[in-house]
Each structure stands twice: as structure tokens, then as C-alpha cells.
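4 protein chains.
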Amino acid sequence: MAGNSLGTLFRISNWGESHGKAVGVVVDGCPALLELSEKDIQGELDRRKPGQSRISTGRQEADKVEILSGVFQGKTTGAPIALLIHNQDTSSKDYDDLARVYRPGHADYCYEAKYGIRNHYGGGRSSARATVGHVAAGAIASKILRERSAIEILAYTRQIHDIEARIDPDRVSLDAVESNIVRCPDAQAAERMIRRIEEAQAQGDSVGGVVECVARNVPAGLGEPVFDKLNADFAKAMLLINAAKGFEIGSGFGCAALYGSQCNDPFITIKGKVATAGNHSGGVLGGISSGMPIVFRVAFKPTPSIAIEQDTLNADLEPVKLSIRGRHDPCIVPRAVPVVAAMTAIVLCDHFLRNQNARL
Amino acid sequence: MAGNSLGTLFRISNWGESHGKAVGVVVDGCPALLELSEKDIQGELDRRKPGQSRISTGRQEADKVEILSGVFQGKTTGAPIALLIHNQDTSSKDYDDLARVYRPGHADYCYEAKYGIRNHYGGGRSSARATVGHVAAGAIASKILRERSAIEILAYTRQIHDIEARIDPDRVSLDAVESNIVRCPDAQAAERMIRRIEEAQAQGDSVGGVVECVARNVPAGLGEPVFDKLNADFAKAMLLINAAKGFEIGSGFGCAALYGSQCNDPFITIKGKVATAGNHSGGVLGGISSGMPIVFRVAFKPTPSIAIEQDTLNADLEPVKLSIRGRHDPCIVPRAVPVVAAMTAIVLCDHFLRNQNARL
Amino acid sequence: MAGNSLGTLFRISNWGESHGKAVGVVVDGCPALLELSEKDIQGELDRRKPGQSRISTGRQEADKVEILSGVFQGKTTGAPIALLIHNQDTSSKDYDDLARVYRPGHADYCYEAKYGIRNHYGGGRSSARATVGHVAAGAIASKILRERSAIEILAYTRQIHDIEARIDPDRVSLDAVESNIVRCPDAQAAERMIRRIEEAQAQGDSVGGVVECVARNVPAGLGEPVFDKLNADFAKAMLLINAAKGFEIGSGFGCAALYGSQCNDPFITIKGKVATAGNHSGGVLGGISSGMPIVFRVAFKPTPSIAIEQDTLNADLEPVKLSIRGRHDPCIVPRAVPVVAAMTAIVLCDHFLRNQNARL
Amino acid sequence: MAGNSLGTLFRISNWGESHGKAVGVVVDGCPALLELSEKDIQGELDRRKPGQSRISTGRQEADKVEILSGVFQGKTTGAPIALLIHNQDTSSKDYDDLARVYRPGHADYCYEAKYGIRNHYGGGRSSARATVGHVAAGAIASKILRERSAIEILAYTRQIHDIEARIDPDRVSLDAVESNIVRCPDAQAAERMIRRIEEAQAQGDSVGGVVECVARNVPAGLGEPVFDKLNADFAKAMLLINAAKGFEIGSGFGCAALYGSQCNDPFITIKGKVATAGNHSGGVLGGISSGMPIVFRVAFKPTPSIAIEQDTLNADLEPVKLSIRGRHDPCIVPRAVPVVAAMTAIVLCDHFLRNQNARL
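Residue numbers (this note's numbering), protein chains in the order written: chain A, 1 to 360; chain E, 1001 to 1360; chain H, 2001 to 2360; chain F, 3001 to 3360.
This is chain A alone, in the form it adopts within the complex:
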């Protein structure tokens, strides 16, 4: 109950600290007979890893995944799959000054208040490095979904700072997402976004943004009322990503200002299949998927580690000035894109497996 596991039938247990020997995840509940190799996972890790472009941190990590168990002669066996990724480029000396300072916007103070102890190297357990495990597990979840369904999951940058892109979630493609370093399929907006990030970086500052995610071809029926509603599980999965501050599905906060007669999506048939005209619901009604594309957005705050001098406290509760050195992303959003997609796959895979037990 210490919060390091997630899921029911597809269950992941995450461990490791930013600058420890390694980080890892144990995937329990992967069905047997799935073809799986390290290659299936490495590709996704490469999308998340640091040092990919000029707008991401300079930390260099190979993030090479090793499968330690659960796979035999190229196939899963039903046993837990232990994945391990060694940490390499851990400039712990950058953090020596932070042993007794509470960085604003970070969890340093909260961890110390909770546990009475804190691994301050790279943020220790509170670091976004834990999301390596999310992406690795997400690669397995995605592969299960691909083998068993036609579900397609795509995440992309929707907004950086106050620059909003125009994207049609029904048509966006992975190629378009990967066509630029900010992972925004609207090429014009992407250019402005990159510029904004670079400007912030030049000033020792950082910016936030919004990631949108679409899951297409999700069959109707996924989600478990009353407490494990699909949208609720997405909300949780997104808010646990480092720096996430908000979640909305379909028309989200925009629904508040609508009339029911506008917000209700009328049921229609398209080629004999049930659909809705419009998708204010974002593909989930009453906590259960409707068969329409699932569309949601996640708000991320600006990276809290900035070079600009800040006021804060040290462990003796004395006011101090802090200018954070070290290598940090001026905007976390482009690297959050594969994490959002991975968490989406993990939630969908768990609900997909659970749904198999819905009827006699």
C-alpha cells in the first residue's frame, strides 16, 4: 500500500531513484505467449530518454533496458517480467549543494516532512526518472493491445506556454508527431513553440504546456463502474506523471459552459456501427468507453528546476537564494508525450483484460 504499484490484472511495480544504481519496473499479469524482446521496449525508451535534442536536458543516458525474467525463447511465460535500466550519467556532485535546501516547485520539503529522510541526488525517488519504468511497461501494454485489438494510441504536444496548436485528433499520425523536436503535429505552431522554449532556456527559465492524447478503435465496454471508471483511471494515471496539474476528457472544462442540448452527443450509426455525432464526451460515458475515440488533455507546469535565482529555505528554515545548476529540460512537455501515451496504454490494457470477465 506504499503506492509503488498500479493496476489490477496488468500490474506494474516501480522502483529506483534518479541517481541510484538502476531504475526498474516489474510487470505482473502479462499473458503468456506474447512475443517480446528488448527491442520492443527500447524504441519507446529512446523517445523518452534525455539528451535527444537541443531543447532537452544535456544528461546523457543510454537507457538500455534489460529483461531479467518472464520471457523464454522469445515469448512471455506468464511469469512477472522484471525490466532493469542502469543509471549512468549521474552527476551527483551537481546536487551536493541541495542536500539541505528545499527547491521551490519540487518535492524536497514534502519528502522530508513525510519520511524524515531524503535522497537529494537528482530528486531521488521524486524524480521524473521513475517514468522510464512507465514507458517500459507501456511498451508491453501496447504490444498486448496490438495483438488483441485494433486500438491505436497517440499523444502529442497541444500547447506550449500560450501557443496552442490546431490538431484534429481523428487524423493525427505518429509521423506528424515525430516530425519535429517538440512533438507537435501542427508544423507552424511547432516552430513557434520551439522558439518559445529556447527563449525561456536562454533566460534560465522554463515553460509549461499541454499534451493531448487520442486512443482510436477502443471497443465499447471498457471501464468498471462505480470506482474504476475508465476516465477516472486515466485521470489518476495522468496526474501521477511528474509536473502534471490538470486533466480533462472530451470537452472537459469547456462542458461547464454548455447547455445539455449542446453537450449531449446524439447516437447515430455510421456504416451500421453505433457512433455519436460529435464527441463532447471524449469517448467515455458513465465511466465506460463508447467506441468513439477517447480524447483527453493533460496540463504540465513549467520545469521547476531553473537557473534564475529564487528565494527559498534551507533545512534550518533560514531564507536562502538558490540558482539551480545541473542539466534540466527547459520544458518537460516534449519528453512527457511518450509518457502520456505509455500510461494510456497501461490503463487501457488493464481495462481490456478486466473486461474479458464482464460476462458469463
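Check before you lean on any hint, since a few could be wrong.
Residues on chain A that point at chain E, a partial pick, calculated with CB under 8 angstroms [claimed, not checked]:
#  : residue
1  : Leu6
2  : His106
3  : Tyr115
4  : Asp162
5  : Ser206
6  : Asp228
7  : Ala235
8  : Leu239
9  : Ser251
10 : Ala256
11 : Asp265
12 : Ala299
13 : Ile308
14 : Asp311
15 : Arg359
For the record, the hints were derived by calculation from the structure and aren't laboratory data. Even glycine gets a Cβ: it sits at the ideal position worked out from N, Cα and C.
Place chains E, H and F on chain A using the hints.
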């Protein structure tokens, strides 16, 4: 794993359908020796119950709670507390026409796709009537928190349709919330909100809105990394409330358009106690409470049951016209207020108990 | 985590005290579309209920079950099934003297040490009355298994005091079990057992015994390594029955004194199907069912409530003499038989559902 | 829900196969601020490891544990503790013949029936090598218990084949247990046991036995009714150990043949503290510890891997003769002793932590 239980140390199991014999909740994990009687619970149920005002449904339910177990001579015994609320005013005849029609914005079609069967009376299991159990369990959670901490939880209407109230979460009081039928502590906005709801109702339509919740005096240290972060558990608890479409904490989606140097809340001391100047974080950093007030908002869509005629499908997938009779809230938000507060108490109580095991 | 729920995919939550208003169980995870009515459950409750014969307690309980949710037009809907059984014949006055006395062999002292409070009427939460819920839930589990498999579960009395019956678990039938009040299919042993129980009763004393259970036609493959092995889950399910003191599967404790060359059951085929010659394993190898009949035994201690005067302590830790009045079974074993069968069905049903997710 | 995790507040997740790269365990829920190093764990692993004496397998494993996370500057941080033990001496060639043969008494056939695939090297996931993780996690559980309570856990060999030792669980010491290679504190019986094992080994055969475990100074109040009774959790924890076939607590199966007036342990005071005269209950009443020593026994079958030729089937279901080469313990019991103690510590630690939430 069928999704009808929530929580770890304070765990609730919800059962019942809108027009069944009764609805109920079993609370497991309430510590022994808490003074508890039906009165402690009834007050909160009365705030949620239908038929309270001219802007809520005409359904009349006493919603009288009965404690069936777990309390002895006025105190909890550590045994599970079974709470039962009988359904009374169930005009099932209003629903006979709906047996074979999929109401837009409702879960009818999704339930049928999932289970191959659907209790169509009042929405059956998908009805917001399940939130009776949330409020009942929330009353117990609140009482535990009151006995053990100084935590104060307040929810209120922040927005109805496009009318936004001005409210200072640090100063709002329960009296102000309860001073009008829309539960908005900004009296001027409240008047306009009520008018807007009445206008929608007159047209056979409905409107959405936003509930804000503040939890004050939450000690630093609640929340469990990496997966059971406090904000993530709030997000889930809010999105599982019927009609919820979005969640944001602190500056939420607004964070996206900030610079890090604006969004970071500097640590300061106030009377020797750690605090932050500003509260963009909403009281949670790295998934753990910081000691600052927790502030979040939940978006609700307009009630999907409207009298205005809508296009939809019947069970044979033929297009039909539908005008929903029956008694429905023209806006769910005022009655969602106590539900948001109850779910907040449930999440905080669970994390409060869990946090007692954080250190040796 | 307070211990009042059991199972994963088929999950039961039990509540209620011996002399409270009611006892109940919520069954979550029953697949939709199972035909279910109160009749399906009542039959099993009648086998467990008190007052059935001259060797059981004189307490009279109709033990009439009421389905409060989860069933619609005769079929399960996938929603939780709440079952409620009212308590009726609660002679609480019999227990007034026990408010401040610790009955030997009972949990009175332990509950008080744990919770600082104790419902002393009929043993409160520690009473075997909680097994009403086990039997009710077991009836649903049995029905699921019958619909989906050919599994047959039979429990019966194997030993009373030092009288052991001769029974072939491969051939025993429900009729033979129900042919006498002690539920022992060996008629000659049954007569002696009944006499032994009556003698004990006449002396104000009680006796123990052993229940054996066989599950036939269990498919190979049920059970989840490493921690949820089928035999381990049976062991837990049996030891949590009131008064249970031991569990053994297959040759059990007898295996200790065997050579490997004796204890190993050679694999053979019978009509083209894999089987073993002999069944020392009791149908489970490495925690997974082998397809052979599952056979295990559960030891029960004598009913601790006896009329014979005993030495004990009161709540002030003063030595007192105690002679327990009230109506108690002189031997719990005959009424434990349906409880053992019910718990077996619950464990098998959960593992049956879980096993559906074993392979891609 | 795939069965590779155990516990609630102190929760372990086990992974790895006998001849894979490594085996491991993730411990989640260890409170922060416990002093912990690899030394604390290595000592217990050394007691379990193969190749310790002439009566254990010739496989040589250093079983050197590595702590990969959760410890900082010598103390636990509240983060999950990942423990990894590399496999070294894996003579996989010994197993090439077994790829398509079902070894009697082993899980080969059951795994294949369940998963449709099987890692046959050393038994893969079904191997007792998984108990390395149990012992490693048990060392942490023991340390928590030592820091917080006076609980002492001791396991020892009680019976080998038909040789029973005479041991007083109230007085037995670790030194006496470790004074001989069979881990039986009755020196005379130990000699005969060793001889019996050597005789079986000489004949290419194996023998079973019984391990007894005592936990002293357990406070009254541990255990959670109705489903997570302390004795039930012990039963499960013991039956999941490889080769375990039975469990009994206190007088166990012997209770069946007692009268209530014999079996009830009268409450008395000893130096002002509540105790019982006699301990037929084995320290648990109604599923909750009474404060008396907890005493239980676990039956183990003979090692199923024997050199003596056996009849069995191959994967084509043809009868074949099998003589198992490789290096196997002629009796698993001496090496099971530290595993029983470890599982006992794990169960007690979990219940110890859970009990802290019993009262307001």
C-alpha cells in the same frame, strides 16, 4: 476487481441501483473507538438529497441512513460499518419507455455493450444515486479526520454555465456556501447562477458548472509516491463522480502558460512554520501535501437528461426522437458540492491513515 | 485492508455481528448474465442454519436471504450483489454476564486487546455467524462454476473426536453426505459419531473433528504462482473458518514420512487424458491444479462454548468461574461442512476467472 | 492479480526463474529510517543457500544480494527496496532432456496446461529458487519487528521421515537449531535424521519432514477478522512454500480428538499479564494473537527430483522412463527452515503494521 471498492486503509464498497430496493456502502477500515451514530451521517445526506430546492429534481427521497453493523454502544468497533439507505420514490413507470432507447450523454449504450444486460430504471447502476454511498462514507471519513487532525474541507460552486464566482479559498466558510441554493459563496454571482439554471430549466434544458474544493490545515506529508500521489488520487476520486469531465489542482491548466519563475512558489516561513508565497501548486508537490491549502476544481457537464427533443437510437439501432420525462436536476452542480467534499474526505482519510506507517 | 474482503476477480466483502440487526455480504465480480434468484442461495443457507437437528444449537434463525442489488429480471447485471440476512432469534440477555468475562477458547480477550472495545453479544464480529455470508457467496460461486465448467465440490465429515470414517473421495455423493445429521457418508461411522456428540452434549462438553473436501473435474491450470498458489489459497480460506486449526492437502502431513519414490504420483493417461497413478499430491502441483481431484482436510477444534465450569479471568483480570449458558453446538463440524464447501467454491471460482487471463 | 505479490502494508513482489539471469524481490512498504545494509540480508540468505552441507544439493550459488534502491546513506527512505540476486551455477544442460518430459511431483505439466509454454531449465518459475526472495524480504521484515517489538521467531526441523524430535518451543534457541546440519535442536534425533537422509540419498531417493515454528513475545491483537485472520495468513504463507503439504497451529489436527473442556486454554495471569494455562490454541484465538507463543507446523513432502527411475509421460503423452540427474537436495526440510522463519516474519510484520491502524 470489478471496480466497486475504493481506498486501501479506509476502504469503501458501494452497491445498489437507482430504483432497486436500497443503496448502500460498506466502510472497512474505520478505526475502533470513534463515536458514531446515524446523526453524524444524516446531516451530510440531507445536503445531497433530491428535492431540496426549486432548482433540483422533484424526486422525493428521505435518504434515511441505517447503520447495520460495526457500531456498538455508540462507538465503532473496528468491524466493517454497513450503511443502508432504502429507495422510496422510484417512479419506475417513467422509465418504461427507456428500456430500449439509448439516452444521449448517458451510459445506457455502454452498459449494454459491456454487460449484455442493463437495468434501465433510473439508469440502474450508472445513476448518480450511487453517490449517496459516497456522501455517507465521506461523513465517517470527515469525522475521523476531525478527531485526529485540524483538517477542514469545504466545497462550493465556482462556476455555473459561463458565470464565474469570485471566491477566496483561504477564507470561504460553510455558512457562506449554504447561504443560497446554488451553494456559491459569492452572493451576487449566486443570484445570476440561479437565474441561469431556471432559464435553462424553463426551456427543458440544463447547464454545467465547476465545483471548487479547499482542504485547509492538511499536514505536510500525505500522499504516496510514485503511483498513489495525493493529487492523482484526488483526480480519480473526482472523475468518478457522475458527470465530471475535468480536474485541475492549484493553477491547473493555467500552469501551462506560465514561466517556471512565475509558477514556482518560493518557500517561506510564517510564524516559524514552512509555507509558500503563493499557491500555484495547490498544496501538493511531487504527489505529497506541502502543508499549504489544497485547492482543486472539478468540471461538470450539463445534466444529460433534458426535456428538449433529441435524436438518438433505439436498441435496434433505428433513429428515434427522444424527449426525457421524469424529474431531473437542471444543473447537477449544487448537489455535486457535498459529493466533492465527501470524496475529498475519503481520499484524505485514507492517506492520513496510510501516512502513519511512513516512518519506523 | 481491514480484512473483511477476500478474493480478486470474484471478491466478497463480509459485514455484520452475531446479534446485530443483520449480517451480509457484497459479491463483486460476478459476471453478468448469470441467472440468479434468492432460491439459488437459500438452499445452501438452510444446510448451514442453526436448529437443524438434535445435535445442533437450539438457536432458531430463518436465515432468509434478500438480494438487494445486482440482479435484474432474474439475471446478474455485472453490478455488485448485496445479500442481506436479518438476525432474529438473538437472546442477548444470555450474554449480559459475558460483557466483562473472557471466555476460554474464544476471541473475547484478543478483540479487546486489539480494539479496546468489544461487542460481547454472541461474540459480536468474532462469531461464526459471519459464515452465513460465506455460504451465501459460495452459492453464487458454485453457480458460476456449474455454468462454466463441470467442477463438482463435495465436503463431508471425515472424523468426529477419535472416530474416523472410511470414505472414498472419488465416489462420495451429496446424497450420502446428507443421509445423516452428522453429514458423514460412512453410515456406520456416522452413527457412532452422533452418539459421541450426544454424550459430550450430555456432559456439557463438546468435541472436534475433521471435514474433508473433494473437488472433481477441476481443469488443469488453476492457481497463480508464486504467492497465490491454489493450495495456499485453500489453506487460507479454510483456516479463516471459525474453529479451524489445521489444513492438509493430498497426503498432507502423511507426506512427511514417505520416500520421494512413494510420494511422487507417476503421470499416466486415462482414455487419452493426462492423469496420475495415485493422488498423494491432492490435485495440486507447484500451486497449480493438475486435473486430478483436489482433496484436502480441515481440522476443527471442539466448540469452545461449554456448560462445564471453567476457570478464566474477568476484565479486571480477576480469576472467575464460568459456565456458559446459551445455545451452542456440541460439535461444530456438521454445520461446518457447507461452509468448507462454500469457501472451496469461492476460491475455485476466483481462480477460474483469473485463469482466463493466463494466455494471450 | 497474477499472484506474484504478497502482503498489504508490507508488500513483496517476487520475480525470476531458477536459471534466468537473476532472481529478485521488491519490498514496498518498509518504513523509512530503518538502518539497512546488504549484510542484514546476506546472513539469512547464507542459511538458505545451496551447497551448505553434505545433505544438500551440490549446486553452488554465492546468492550475493544487491540492494538497488530504497536505501540512502545506510537508512531506508520509504521508497521500494529492490533486491537482486544473480544466478550463477546454472547447469542448464542437465535440463535439456526435460524440455519435453513431465517430471512426477513437479509442476511441469501444470504450467504447460496453464500457460502453453514452460521454461524447463531448473523448473523455471516453479523452482524453489523463488524462495531466495522470500528469505531476503524476511530479513527486512525481521529487522523491522526487532526495532519495534520484542518478537522472536525461530523455526527448526521437527520431523524427518518418521523420526520425530522432542523440542520445547518455549525454550528452543537459534544456537541449538544451528548446532547441526539438519537444523533440529534435539541432538539425538538430529543424528538419526541425518542418517536417514543419507540413506535415502544413497538409494537415489528422498524424504519429507515437518518444520515447526515458534514466534515468542508477539503482542496480543495482531490479525484482522474475518478474512485476514493471523492463522489464515500463516496457513497461506506456509502452503505457498515449495513442497509444503500441510499446516497446523497449536494442537492442530490433534484438536479434533479433544473435548472442549480439554482444548480450551483457561485464561490466567502470570506476573500480572494475561496468559493461558496451556497453549492448545497456538497463540491465536478468533484469528487474533493472544499474546501466547505462536506455534505451528508445516509438512513438507520428499523432494520430487530423485535419481531412482520413474514412470511418466513426455509432451506427446507417451509413457517414458525418467531418472533425474542434476543436483538435488535429498530432503528439502533443513533448507526450508529459514524459509519458514522468513515467511513468518513477513506475515507478522505486515500484521504488526496493520494493527497500528486498529484504533483511533
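Status of each hint after checking the structure:
no., hint, verdict
1, Leu6, "holds (4 angstroms)"
2, His106, "holds (6 angstroms)"
3, Tyr115, "holds (6 angstroms)"
4, Asp162, "holds (4 angstroms)"
5, Ser206, "holds (4 angstroms)"
6, Asp228, "holds (3 angstroms)"
7, Ala235, "holds (4 angstroms)"
8, Leu239, "holds (4 angstroms)"
9, Ser251, "holds (7 angstroms)"
10, Ala256, "holds (4 angstroms)"
11, Asp265, "holds (6 angstroms)"
12, Ala299, "holds (4 angstroms)"
13, Ile308, "holds (5 angstroms)"
14, Asp311, "holds (4 angstroms)"
15, Arg359, "holds (5 angstroms)"
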